[in-house]
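Residue numbers (our numbering), protein chains in the order written: chain A, 679 to 983; chain B, 679 to 983.
Everything labelled a hint here was simulated from the structure, so no lab data went into it.
Check the hints yourself; a few may be wrong.
Note that the list lumps identical chains together, so a pair holds whenever it fits in one copy or between two copies.
Pairs of lysine-lysine residues, derived as BS3-like cross-links and limited to a Cα-Cα distance of at most 27 Å, are as follows [said to hold, decoys possible]: (1) Lys955 to Lys804; (2) Lys713 to Lys804; (3) Lys766 to Lys704; (4) Lys773 to Lys687; (5) Lys691 to Lys773; (6) Lys775 to Lys837.
There are 2 protein chains.
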Amino acid sequence: MSMDRLIEKIIVKGNPTVVGLDPNLKNIPPYLLEKHVKEHGETLKAAAEAIYEFNVGLIDALYGIVPAVKPQSAYYEMYGVEGINALKRTMDYAKSKGMYVILDVKRGDIGSTASAYADAYLGSVKVGETVIEPFAADCITVNGYLGSDGVLPFVERCKENGKSIFVLVKTSNPSSNELQDLVAGTRTIYQVMAEKTNLWGEDLVGKNGYSDVGFVVGATHPTQLLELRRAHPRQFFLVPGYGAQGATARDLAGAFDRRGLGAIVNSSRGIIFAWQKTDCKTGENFAEAAYDAAVAMRDDLKRYC
Amino acid sequence: MSMDRLIEKIIVKGNPTVVGLDPNLKNIPPYLLEKHVKEHGETLKAAAEAIYEFNVGLIDALYGIVPAVKPQSAYYEMYGVEGINALKRTMDYAKSKGMYVILDVKRGDIGSTASAYADAYLGSVKVGETVIEPFAADCITVNGYLGSDGVLPFVERCKENGKSIFVLVKTSNPSSNELQDLVAGTRTIYQVMAEKTNLWGEDLVGKNGYSDVGFVVGATHPTQLLELRRAHPRQFFLVPGYGAQGATARDLAGAFDRRGLGAIVNSSRGIIFAWQKTDCKTGENFAEAAYDAAVAMRDDLKRYC
Chain A
679 MSMDRLIEKI IVKGNPTVVG LDPNLKNIPP YLLEKHVKEH GETLKAAAEA IYEFNVGLID
739 ALYGIVPAVK PQSAYYEMYG VEGINALKRT MDYAKSKGMY VILDVKRGDI GSTASAYADA
799 YLGSVKVGET VIEPFAADCI TVNGYLGSDG VLPFVERCKE NGKSIFVLVK TSNPSSNELQ
859 DLVAGTRTIY QVMAEKTNLW GEDLVGKNGY SDVGFVVGAT HPTQLLELRR AHPRQFFLVP
919 GYGAQGATAR DLAGAFDRRG LGAIVNSSRG IIFAWQKTDC KTGENFAEAA YDAAVAMRDD
979 LKRYC
Chain B
679 MSMDRLIEKI IVKGNPTVVG LDPNLKNIPP YLLEKHVKEH GETLKAAAEA IYEFNVGLID
739 ALYGIVPAVK PQSAYYEMYG VEGINALKRT MDYAKSKGMY VILDVKRGDI GSTASAYADA
799 YLGSVKVGET VIEPFAADCI TVNGYLGSDG VLPFVERCKE NGKSIFVLVK TSNPSSNELQ
859 DLVAGTRTIY QVMAEKTNLW GEDLVGKNGY SDVGFVVGAT HPTQLLELRR AHPRQFFLVP
919 GYGAQGATAR DLAGAFDRRG LGAIVNSSRG IIFAWQKTDC KTGENFAEAA YDAAVAMRDD
979 LKRYC
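Could you build the full structure based on these sequences and the hints that come with them?
And the structure:
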C-alpha cells in the first residue's frame, strides 16, 4: 500500500517531515536565475531552469534525512508550460533519490473529469498501444467539495496503482472557518468531510493501520487535529502550517498516535528559503541552509512524536 | 469589465453557449492521432498534436456562431507537459479568432498559493525585468472550499487585469448534494457559497449589471438555478450539465433574466464529439458535425432566453 511506503520512509529517516517545494522566483537565490537568463534570456524557460537547479540542490541536500517532498503545483503552473516541465523533472529527480512525492494539486471535479485528473497524476493514458504515466506522483491532494463522484476516481487509482491521496478536511488558512466550520445538524462541514473521506478509504487500510486515503488538517488548528486524530485512527494526516504559517511543534502533538506515527508535517518556506536568514547574501549556501533547517525541524518535531 | 466582454459576445452571436473543449483521445477521430503518431511515435507529443489539430478544426468551425470556449484543464494535464502546451496553444488560437476563453481549472488554495494560481491564469509573472502572462485566460473557474483568503487573490486579478471568475456554487454532478446541500442554520452550503461569492464580487459589477465574479450552477438543478437567479441578480452563471449530463433547455429557463441574459450554457461532448452520431465513421466531418450541433443547441436555448 502506498501510505505504508510513506510510513516506512518516515520510520527509516526518523523524521515525519515533508519539505514543500514552492520555488517562487522572488525567493530563490538570484544567481540561479542570472545564470539561466544568460543562456535563455528573460523567459519562462530561464525561470524553469533556475527552479529546477534550485530543487535539485535541495533534494541532494535533503534526501538523506527527509522522507518526502511536496511540490505545490501553483508555483510551477505560474511559469507556464516550461514551469510544469520543471515540476515533472523535479518529481522524477526526487523519486530517483528515493523520496516519496506528494504533489499538491488540490484537484476535484465531476466524475469524468476527476477521472482524467486521476489518470494524469496517479495513473496512465494510452497513446495507441503505448501506456504512459504523465506525472506519476506517489500521492496528491484532493478537494472534495463536489462529493463522492468527484473523489472516487482518485480512490480507484489508489487501489489500482498503489497510490495515496490526502483530502482537504480542515485547511490551515485563516478563513478556513468560513465554510469548513459551519454546523450542519450536529456536525461541522469539516467533520462531514472527514467522515466521508474515512468511508472512501475504508478498503485501503495497510499493514501499519492507515488508509491510502488521508486528511489534510492544518497545524494551525491544534484542537481539531487532536479531535480528528481520536475520531479517525485509520487516517494519516498531511499537516501544513508549521513554521511560516505560525504553528509550532507543540501544536502538532495531537496529530500523532502512540507510536509517533499518524502525520507528516509540511514546511516549505521555512526550509527551502532558510538561506535568507543566514549571513550569506548571495544564497549560494541555500542547500546547506535548507539541510540545517530540516535537521532543526526534525529535532523539534521529535519532542512530540 | 471582463464579464461585459463576454456578454457583448453573447449578444452579437445571439447565442449563450460555451463549447467545452474536453478532447479525450478516446473520442477524437482516429485519423488525427494516426497522422501525428506517424511523425512522433506513440508519444504524448503525438497525442497533444492530435488534440491541437482537433481543437483548431472545432474553433474554425465554431467561432462565427459561438462566443466562447471552455477548455477543461484535466483533459490536457492528462497528456502531461505536451498536453498543457496544446492547451496554451488552443487558448491562444481561440483568442485570435475573437472567442472568450473560460479555462476550467477549479483552482483554490491558501492565500499565497491562490495568488500564484491567479498569476498563472489571470495575471503575469516577472522574469528579471520582463513581464510574461503564462496562460492569459479571460476567465477561470474557482473552488471556494478554503474561504475568502483562497478566493480574493483571484478577485484582485479580475479587478487589476480585466478578468472574470466563476466560483463553484452548486455543481452539476449527482453527488453535489452530499456537501453542497447540507443545511447550516437556515441556509444550505451552496447558498452560503453564493452569498460569499456575491460579496467577493460586489465591487466588480459592469455596465450590463453583472459582476466579474459569477457562479457555477449545474443545469441538472433547475429549481436551484431559478432560486439563485432570483436571489443574486448581479451574478452571471456558467451552467454545465446540458446535453450529455442530461439537462434540457427547459431546465435552463430559470437561469436567464428578462433580457435573455444572465447565463452561459456549456456543452462539451454533445458538440465536439457530435461526429460520432453521424454516418461518417472516420470522423473527418467532425468540424461540420460540431457546427450543426452548435446551431441546434443555439436554436434550442433561444426558445427559453
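- request: State whether the alpha carbon distance between Lys766 and Lys704 is at most 27 Å within one copy, between copies, both, or neither.
  value: Result: close both inside a copy and across copies, 21 Å intra and 24 Å inter.
query: Given identical chains, is Lys775 near Lys837, meaning Cα to Cα at most 27 Å, within a copy, between copies, both, or neither?
result: within (25 Å within a copy, 44 Å between copies)
task: Can you give me the call for Lys773 and Lys687, within, between, both or neither, at a CA distance of at most 27 Å?
output: So Lys773 and Lys687 pass the 27 Å test inside one copy only (12 Å; across, 48 Å).
- prompt: Between Lys955 and Lys804, at a C-alpha cutoff of 27 Å, which is it: within one copy, between copies, both, or neither?
  reply: between (47 Å within a copy, 24 Å between copies)
- request: Have a look at Lys713 and Lys804 and pick one of within, between, both or neither, based on CA distance no larger than 27 Å.
  value: between (38 Å within a copy, 16 Å between copies)
query: Checking Lys691 and Lys773: alpha-carbon separation at most 27 Å within a copy, between copies, both or neither?
result: Answer is within; shortest intra-copy Cα gap is 16 Å, inter-copy 51 Å.
Comparing the model with each numbered hint stated earlier shows that all of them hold.
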